[in-house]
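Protein chains in written order, with my numbering: chain Y, 1 to 359; chain D, 1 to 257.
In case anyone wonders, no lab produced these hints; they're calculated from the structure. Check the hints yourself; a few may be wrong.
Unchecked claim - Result set (DSSO-like, lysine-lysine): computed pairs, CA atoms no more than 27 Å apart in a straight line:
(1) D:K9 to Y:K203
(2) D:K12 to D:K2
(3) D:K218 to D:K234
(4) D:K242 to Y:K205
(5) Y:K242 to Y:K265
(6) Y:K205 to D:K12
(7) D:K193 to Y:K205
(8) D:K186 to D:K150
(9) D:K186 to D:K2
(10) Y:K203 to D:K186
(11) Y:K203 to D:K12
(12) D:K13 to D:K3
(13) D:K189 to D:K9
(14) D:K3 to Y:K203
(15) Y:K227 to Y:K265
(16) D:K242 to D:K189
(17) Y:K242 to Y:K351
(18) Y:K351 to Y:K265
(19) Y:K205 to D:K13
Stated by the list, open to error - Partner residues are not named here, just some residues of chain D that face chain Y (Cβ under 8 Å, in silico):
(20) R41
(21) D63
(22) T77
All values derive from a computational prediction rather than experimental measurement. Even glycine gets a Cβ: it sits at the ideal position worked out from N, Cα and C.
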Amino acid sequence: MNKVLMQGNRIIGEAAIRAGCRFYAGYPITPQNEIPEYMAERLPEVEGGVFIQSESEIAAIHMVIGASAAGVRAMTSSSSPGISLKQEGISSLAACELPAVIINMMRGGPGLGNISPSQGDYFQATRGGGHGGYRTIVLGPATVQEMADLTMDAFDLADQYRIPAMILADGMMGQMMEPVVFKEPKPRVYPESLMMRGAGEGKSKIIRGLILDPLEMEEHNWTLDRKYRVIAQSETRHEHYKTEDAELILVAYGTAARIAKGAIKRLREAGLRVGLFRPITLWPFPTNELREFAKKSENFLVFEMSTGQMLEDVRLALQGYARIGFHGRPGGVVPTPIELTNVVMHQYDRKGGVIEQYQ
Amino acid sequence: MKKVFERPKSMKKNIFHYCAGCGHSIAHRLIAEVIDELGIRGVLIGVLPAGCAVLAYNYFDVDMIEAQHGRGPATATGIKRALPDRVVFCYQGDGDLAAIGIAESFHAANRGENITVVFINNAVYGMTGGQMAPTSMLGQRTTTSPGGRKSLLDGYPIQVSEVFSLLPGTSYIERCTVNSPASILKAKKAIRKAFQCQIDGRGFSLVEILSPCPTNWKMTPIESCRWIDEVMSKTFPLGVIKDLPEIKKKGDKRHDG
Ligand SMILES: Cc1ncc(C[n+]2csc(CCOP(=O)(O)OP(=O)(O)O)c2C)c(N)n1
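My request is simple: use the sequences and hints to build the entire structure.
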């Protein structure tokens, strides 16, 4: 297998095309512009490939809905403010049980915010984001290799569960270059009977989100809920790093997990036994897996580039099982491994455990 | 005995939920007749709006997807680009097209998407109970313009067809109504022409239908039909607004590059 050195954003584009994505619509926003630019260049080269620069993020997601309904693997990408605009369509995808892949290269917020890396959209991504009570599968890559792998997986998961799947990363991941090996894509498994391509001689199909009958509406919501429960049970993923002997386990995802690994190296050099639990699926959150680690260590410290969002999921997993500390920097500044090292040195004492427990 | 009138094949055997005198049901029937005549039921995908026609899949026996309010032309774009050999139409009300979805409509038109839009202009938001629409007449009383629409506060009725006709991407635009047997036949011809335009690959086509809404206009059906002639069509003149000759594939100025 050939290794290629490519920027994260472009890797996502290439991985999507290799996974069979044949439709992309998007609207420019930093720090993810290389994704539409890459798609504009590459998609017309592949058979059936369609690239559209849409008039807005709203239009882009609704174009994706159309392409997905037509049975084509479709993707859109944006960054935080644009993802807010897409929520109407993401809610529709969830309601109509249509697959699609959405990339969010998070930037500082709220509002227009700025273009520096952030993890401020965790709540929006993992709680559904739009109206009505639904879930999207959310994958949080921490390396460019993982951006390639998870983008491909996102298409498979979206098809398998007929659900929108999101890659949640940030400007740093998007701009970073690392060597990548593309894995072989799996053949697509998506029944033709679900594709809306004209009725031919047969029965006509309807794709709709409006369900006026109250009982029918409720049943539809229970059906979605049952699906979400299956996903929550079977699709969690995580990585653990140097946890075998860890007295303190950091919990971090994406860019923050990279920083945490840097800090762990320093902390271990200083004689502290620190490890990392890194959720890869942010929804479904690897709750049970994390709780298992409470048998090994009593001390956890959540580290995020936000004022504490994933922290809530960690507390749901560990509250009553372990001590939980927190360190976060909201969007705007990327914390350094040295900063995190110092925080751990201050907050953690080998005898007393995590001193400043998060209240 | 010879059957002279029957349900179009592409219509389901359901009874319309529309109010008495509403133009939607007439427009539905005309579209269905055209679908039958052109023999495109099997290759057709319809995109439905939020609005009174949100349940139109109960009436059309063709593949249909319901779009969010105003997003029909974007969804239709996605379908048509994914499946260029299918026929795609988008059914929209005036709130749907000219207010919340004006960006999606305008840009689909400007890109010259090879789709057909059937635009029902009833000068109100029907489904939500008769609020002011971007196409409400100046002076028209609605539930949100109780003193009548005032240009100073509410702007002017948008002439969607005229505005869209300025875009090089549009190829065929006609404004019709369905308030008399003669106008209904004309409207059907226009719908047929618009679909044919798409089949011939000529780009964006739109048929605007001035459509009676007796319930929200607080008129009888007959008064409504008269109001279209006497008031509405003064602001929205009927007729062919744009009809570009067939695109010659080579050397056509509308195709650069
Ligand atoms: C985002 C959003 N906003 C508002 C609505 C409520 N809504 C449904 S239909 C409609 C207006 C419909 O008016 P029009 O497009 O003129 O169609 P008509 O019902 O008159 O046929 C509105 C405001 C909605 N469904 N979605």
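**Report entry** Which numbered hints fail
**Finding:** Structure breaks hints 4, 8, 10 and 15.
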